[in-house]
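Chains A and B supply the protein sequences, listed in that same order. So the first sequence is numbered by UniProt numbering: it starts at 1 and just counts up by one. So the second sequence is numbered by UniProt numbering: it starts at 1 and just counts up by one.
If you are wondering where the hints come from, they were derived from the structure by calculation, not from laboratory data. Source: prediction; values computed, not measured. Misleading hints may appear alongside valid ones.
Claimed, not checked - Restricting the straight-line Cα-Cα distance to at most 30 angstroms, the calculated cross-link-like pairs of lysine-lysine (DSSO-like) are:
(1) B:Lys126 to B:Lys90
(2) A:Lys187 to B:Lys75
(3) A:Lys187 to A:Lys176
(4) A:Lys50 to B:Lys90
Said to hold, decoys possible - If you want the footprint, here are the derived chain B segments under chain A, 3+ residues with CB under 8 angstroms:
(5) 68 to 76
(6) 93 to 107
Just so you know, even glycine gets a beta-carbon here, dropped at the ideal spot from N, CA and C.
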Amino acid sequence: MLGEDIYAFRSELQKRNTLFAYTGFVTEDLLYALGTAVKQQLELKKTEGKVVRRVFSVFVEQVQNVIRYSDEQEWLREPKTARLSAGVIMLGQDYDGAETDNSRFFVICGNAVSNAEADNLRSRLESIAGMDGEALRKHYRTKLREEPDPHSEGATIGLLEIARRVTRPLEYDFLKLDENRSFFVLKAFI
Amino acid sequence: MTPNPLYIDATPRSPRVELDPAVGHLSLSGESYPEDASAFYGPILQNVAQYLATTTDAPLTVDVRFIYFNSSSAKAIMNLFQMLEVNAEKGRKVTVNWFYDPEDDLMAEMGEDFAEDFLHASFYLKPDSEVA
Numbered sequence: 001m002l003g004e005d006i007y008a009f010r011s012e013l014q015k016r017n018t019l020f021a022y023t024g025f026v027t028e029d030l031l032y033a034l035g036t037a038v039k040q041q042l043e044l045k046k047t048e049g050k051v052v053r054r055v056f057s058v059f060v061e062q063v064q065n066v067i068r069y070s071d072e073q074e075w076l077r078e079p080k081t082a083r084l085s086a087g088v089i090m091l092g093q094d095y096d097g098a099e100t101d102n103s104r105f106f107v108i109c110g111n112a113v114s115n116a117e118a119d120n121l122r123s124r125l126e127s128i129a130g131m132d133g134e135a136l137r138k139h140y141r142t143k144l145r146e147e148p149d150p151h152s153e154g155a156t157i158g159l160l161e162i163a164r165r166v167t168r169p170l171e172y173d174f175l176k177l178d179e180n181r182s183f184f185v186l187k188a189f190i
Numbered sequence: 001m002t003p004n005p006l007y008i009d010a011t012p013r014s015p016r017v018e019l020d021p022a023v024g025h026l027s028l029s030g031e032s033y034p035e036d037a038s039a040f041y042g043p044i045l046q047n048v049a050q051y052l053a054t055t056t057d058a059p060l061t062v063d064v065r066f067i068y069f070n071s072s073s074a075k076a077i078m079n080l081f082q083m084l085e086v087n088a089e090k091g092r093k094v095t096v097n098w099f100y101d102p103e104d105d106l107m108a109e110m111g112e113d114f115a116e117d118f119l120h121a122s123f124y125l126k127p128d129s130e131v132a
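This is chain A alone, in the form it adopts within the complex:
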């Protein structure tokens, strides 16, 4: 029973072309460990360095967004301060039937956000969707020069970095959880 159950669980993830998936509290230490796993698994697949660098960059920005902006956060003070932010992280590869040169990697992250933050994210993502590569590069440069927004830990520039590296338009969605919160999902193909 247990074997069948967990094997079915694993098969479900594999059907979704998952290379790995994590759900639970995400921390900066976990980001480092998972980031290393991203590099190792892509290298195992003999992925071009150019692609590895892009996937890794998208992965870091996405996971840091979960850590910084998840609405489900706890703080651990001892033995060392750590922010624990609930979220889901997936790395996958769409095979298109077979593993070909056209297969693409994808990074999906999801976390709860306040409705105010959801509105904010939606408008930023909509504005990003209207920009081509050159506009994204210019906007990124403008944001780099600006004084930092005290309430942001760098989300705008992080989203721009992700948008510059993807090979298809970013997919995103907001699922209403209750009166105050939504579940935000961002899927990036590289």
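Following the hints, position chain B against chain A.
Same frame as chain A, but now just chain B:
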């Protein structure tokens, strides 16, 4: 007041940093995606600001060798570069060498973007296979 030297060891997620005020040299090398980029780069910016405030026309050479940096680090690096450019405009000789893996098109592009902000400081893009 003599400017303080600064040395920070590399970690898997943050660069090795060395500021030697005696010869006017700053180097940054390695990975950069620390938990809190402004907390990591704050003391570096402070030390460089102190060097610039306590020396009037001593030159400064900056060697940068990044393998990867995230967007929050890019913002901090931009702050550092803006400080250097302001000083170069005032007449100090500032040289920035942007070393990067020749196969890393993203790092080359970032270097080109940063280069556009330097009008008075000398900024050189230096492909170097030892950075990888």
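Quick one: which hint numbers does this structure break? Sort them smallest to largest.
Result: hint 4 breaks, nothing else.
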